[in-house]
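The lines below spell out each chain.
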Amino acid sequence: MKKFLQKIRFEEWKAWIYLAPAVALLLVFTVWPIINTLRMAFWEDYSIMKELGGTLGNEFGIKNFEKVIKYQGFIDCLKNTMLLTVLTVPISTILALVIAVCLNAIKPFQRFLQTIFFLPYVTNSIAIGMVFEAMFNIVGFGTNNPSFGIINNILGVFGADPINWINAGSGYWQNIAVLVIYIVWNALPFKILILLGGLQSVNKQYYDAAKIDSTPRLRVFTKITVPLLSPMIAYVVITGFIGGFKEYSSIVGIFGDDMQAVGGESLNTMVGYIYDALGNQEGRASAAALILFAIIFVVTMINMYVSKKKTHY
Amino acid sequence: MADKKIMTTMHEKDMQKVTVTQKITKVIVQFLLYAFLCTMALIIVFPFYWMIISSLKSTVEYRLPIPTLFPQEIMWGNYIEAFTAANLGKLFMNTVYVGVVSTILSLVITVLSAFAFARLEFKGKNALFAALLATMMIPGELFTITNYVTVTKFGWLDSYTVLIVPFLVSVFYIYLLRQNFLQIPNELYLAAKVDGTTDLKYLWKVMIPLSLPNLISITILKMMGAWNSYVWPRLVTSTDDYRLITNGLRDAFTDMSGQANIPVQMAAVTVVSIPLFLVFIFLRKYIMKGVSRSGIKG
Amino acid sequence: MKIVLQNLTKVFPSRNKKSNEEVVAVSDLTFTIPDGKLVGLLGPSGCGKSTTLYMISGLQKPTGGQIFFGEDDVTALSPENRGVGLVFQNYALYPHMTVKQNILFPLQNLKGADKLDKNTMLERAFEAARLVQIDNLMDRKPSELSGGQQQRVAIARALVKMPRVLLLDEPLSNLDARLRLQTREEIRRIQRETGITTIFVTHDQEEAMSISDVIVVMKLGVVQQIGKPQTVYDNPVNLFVAKFLGTPPINVFKAQVANGKLVINGEAVLDVPGATDREVFAAIRPEGFIPAENGAMTCELSSIEVMGRDVSIVSKNEAMLTPTIRSIVDADYKISATAQNVKFDLKPHKVFIFDSETEERIYFGGQTAPETGI
Amino acid sequence: MKKRIISLLLVLSMIFIATAMVSCNGGEGAGEGNTGKVAYEVPAEGYDGSAVTITFYHSMGQKLQDVLNTYIPEFNKLYPNITVEHSSMGNYDGVRDQIKTALTAGNQPNIAYCYPDHVALYNVAKAVVPLDSFIESTIPVTDATGTESVLGFTAEQIADFIPGYYQEGAAFDEAGTMYTLPMSKSTEALYYNKTFFEKNGLSLPTTWEEMGKLCEQIKAIDPDCVPLGYDSEANWFITMCEQYGSDYTSLNEDEHFLFDNETNRGFVKTFREWYQKGYVTTEEIYGSYTSGLFTATEGQKCYMVIGSTGGASYQQPPQVDGNPLFETAMATPPQVNPAAPKVISQGPSVCIFKDTNPQEVVASWLFVKFLTTNVEFQASFSMASGYAPVIKSVQSNPVYQQWLDAANGYTNLTAMSVKLALAQSDAYFVSPAFNGSSEARDQVGTLMQDALVSTDADIDATIKKLFEKAVAECEYAAD
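Chains as they are written, first to last, in this note's numbering: chain A, 33 to 345; chain B, 132 to 429; chain C, 3 to 376; chain D, 3 to 481.
Honestly, the hints are just simulated from the structure, not real lab data.
Treat the hints with caution; some may be incorrect.
[As the list claims (entries may be wrong)] The calculated lysine-lysine pairs, modelled on DSBU-like cross-linking and capped at a C-alpha distance of 35 Å, are:
id, chain 1, residue 1, chain 2, residue 2
1, C, Lys4, A, Lys243
2, D, Lys65, D, Lys271
3, A, Lys95, B, Lys221
4, C, Lys143, C, Lys221
5, A, Lys255, C, Lys221
6, A, Lys236, A, Lys340
7, A, Lys111, A, Lys236
8, C, Lys143, A, Lys341
9, D, Lys471, A, Lys111
10, A, Lys243, C, Lys352
11, A, Lys139, C, Lys221
12, B, Lys154, C, Lys39
13, A, Lys243, C, Lys263
14, B, Lys221, A, Lys278
15, A, Lys342, B, Lys221
[To be verified] Residues of chain A clear of chain B, computed beta-carbon distances all greater than 12 Å:
id, residue
16, Arg71
17, Glu91
18, Gly93
19, Ile94
20, Lys99
21, Gln104
22, Asp108
23, Leu110
24, Met114
25, Asp193
26, Ile195
27, Ile208
28, Met302
29, Tyr337
30, Lys341
Note that the structure is a prediction, hence the values are computed from the model and not measured.
Ideal placement from N, C-alpha and C gives every residue a C-beta, glycine not left out.
Please build the complete structure, drawing on both the sequences and the hints.
So this is what it looks like as structure tokens:
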């Protein structure tokens, strides 16, 4: 028995050696930042510059949080983030599900189409942001012979007159529409892939059984495919929400650093707010980051709870 | 079954009609499937198409009111200018170097940690693992400033180390690999233990070969991560000998008056996207499997 | 409703790209399954029995030939429109549905004239559940049931929509021995009660023989013999069928026919009037031996196993092709275990001769070829 | 699943508790790295000749860096042991961001390009060296060529600075401590299509009423055009406040943002009407600098641009097979009271950062002094950049004189713009610089844009709301 115990202790000691590099790096580059963020968040009116200049008081409390929550700009950022997430996650999930099911149902060209649908995943989001901006932008806006941009031209083909998507004075909802299209476009590949992987791992016999039971195509989808895929769908929705809350680069990609169309409402998001506040109010940036983390944590817990109820495992 | 006789409803129906309608519906369904998939594919591919043809247009043609769907005169010059103006060659080498080194090192760390989490028992294992998972949810922006101060204190600024070391530990891949290692039956490990194989040998001989597809997809995904990183490199590098390709993109082509030369910018963007695209084409299978497997365990 | 298969063939392109020769799974199958009968498709694994079953169900498309349900040519008809019930080898119950939902599922798909309202569906479902005696498990999930119970749910699901034909793919292979016997009887009883034409596939010849009205023995995609189990057992058309049926298996010897006598290992063991002289295979059923002081055939005794009602004698012989010779005789014959040799006489109707090249049966004495088909 | 969630919550609470303890005693962390907040006094021996390396962050393009590289050896002729390393950080904000994060880790450069708003930010960390003690220092300095001189500025040198630029360095506190020295300045000018004006007998507008009528006239002549392109809305707003004498911002701690007043709302409303009538567009609204319209060969054009003198070369008339389409001319932008003109001045200044090694600070001072007072450098930098030099004596430099005379409205607008900048030198004003002044500048710019493009019916209410929102944003940012 003694030898056995001794062996266990040796085993334990060895495990920590393997984990040493990971734990060390994590302590320095993850744990300390978290602690430092908490420190900055709770240190009232904290800013790095003030700390360097020694002009910081040393009361601790939730003043930073209050300041952030009371600031209308932050509320707008929260509203924008929620709106974008609530719009893009369902749309991209449903679209990805339908595409994955269709892809799974065809044989010829399946690999080719699969490759195309996976393209956005391998591209640089800032790069494609520029392309989207170029597509929706009206070059020479306000002059009398503007070039309306490719999207408006396509709309023109269908008889619709050009819409001012992202230029000066464009409406908030037009801006949101462009962002939703871009975010969904970016989110599709990962979702399609996961769902397709899930579909292919479903036992073929259930579909044969459904054929024998002469189930119509739509009922096969709703009654068999979706329930069996529910763990995958839950995973995609959960990661979708987490990603949605951290949306930032797509807005910079299209609207540039001032995060809004000229004369339009601000499209800034929570992460955008954090970056702006990092300029000279690190206290508030940290507070906002913790608020964001809390929201993500709560929403993920709700999602997990709901998905545990719904998914068949 | 009250009455013995089976109600055979199918029989009355006229066989011919059923087979014909069935054939027609089959064709219609196939057609709809392909129509839907092709339109969606078009929507996905269109920005790429637009990127490539814009990169070949002259600035004048680019500004035409009615954009041309194919460049009237191909401007290959844009690509040369993209390469020379933004010194993409050097940046490209930097990105590849950083990508390869960080991937290898982080692979080693991921394998060791995943092995420890999957196979070895030690106090606080689950708590530590849960803590790791928690960090996945924390927005990265939180860390940027503090990490910047730390790396500057270490004096790593404007070097390859600062681009590589801070991101060696990716919790997600440790989680992924641990799930994969767990699928390998424990008996194999115990058996190996009995006939005296050391952990590392066992790891090398048994576990790694078995989870090779996963390792390859992790490697590719890690490379792509290095390829797309933008904020951190921009913060920590200032000279061209260490800057990465994405930094070269954003502000390289705005001339003095702030007028961005879009075609050249698009050329640079295309150049940046091609390597990733090629990697994807050749290693398609692994990327797909890696990413989709990450979903299986949910 | 009888099922007619007309020169049914199925060819699969071989899986590895390099070699392009195809695999002929089923070749030129023609036989008729009488209405209301229980037919066993029998044969070693890879003989095309499952493929045939799936072609009948519509899940596999035949490369040639036709299938008729009664007068209707259903060859091109998709499974949805064939009105077929199929029980898969590993049940394929929908894991996320309860037993009740699983059984109700096919009923909910009926449309047009066959549409049922809610409570007739429920009533039919409970009827089917009672038939297979699982009406007490209605609200359980498949994962909570034993193999046997899942098997019965699968059968109930297949039967509930009163299909024209019931197909079972190796229904008993996933069950333990005791449950297998019991379920075998269940299937027989259910088939009798519903009178539904049923085809089931198995590689276990005992199972097939015990409950089928008719068995179809197949090998490498080709039908060897069709007939009542007893007829096929007693009158095999070739060596394969003889060897395939019967436990313990038939004993096979290298032998010759010399002027009307069957000579095994130099001993003329049996008169075989009507057989021309040639090299042959002689196959003797274990119950075909009669121990006799001066029996025609001498074998070297290995061991004797007493099984109560009868005795199993294990012996050896120069000319034997099977590893041992096993004969089952009535317990009354007293054979001393220590004897060096044992002599037997043979019951003519338990001895079959097969041509050594074609392995086709050679009939002698009173033996006549079985009539083909049902 | 359940087990994991519990352990997750356990760990999270653990983290929170741990940090609460740490932060109570004000953990050392990044704080200790501050730059030795010593009230900066010049070392008694001045520059002791020791070998020192100083770093200079700027946002110069390649052309300007070449000028710098040719003059650093000149500086090293005087002080061989001072090695000067310089690198570009992209644009002005890039310099600020880089320095701000560098400050946090204590490795900021010695000298930096800066705008008043940037220095206000650095001053929160008390990182910038107050220059008065250097300016007034009389410590003798002998350079390698043996010429004796004083560490600080002589009276003539101070007088040589263009007052409008020099005062910008003292806009940081009531006492007027000098934190920066002007390096190279630009201003705003009214570029106009002289040929078009002469062809249609139009006269130069000196007041905004005249500009309004002129736009109406031009619109009548060429209905498709946009008569005026004003590039920066923020500059426009700030300049108008100065010209009306109405409040914009102040250094007084609890009341920085004063621009929400009747006068300002008035001119914003007027200029909005101009925009709605198609008289004016701006860089943000048009999508890129309005010089694109001014030099357009076909399609829509504009005949006047109020923009930075630094961008003069962009207003150059386009050549159609060899000959320019029109002649560009320049003038001081319209004024509320032409007698007392007010024009904004921009362009980079330089500041010096505190450092643990005082010799590095002294060396940096010598280099900054060289850059701002060396006539040849100021001349060649001005010629290369198109920005105005900061000292008057440059005008008497023969080479520079010749360059100025070569100014013409067709091919050498740069010289013309510098000439104008020098002529307008007593019209410059300086806005107060404090922690939040850059926010004020951004907010008034956005306010102006939103007002111009707004098509709301009750425009007064909308403008009132935009002003209130801007003030709220500024107060949030500053406090």
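Structure versus earlier hints, numbers of those that do not hold, lowest first
2, 3, 4, 5, 7, 10, 13, 15, 16, 28
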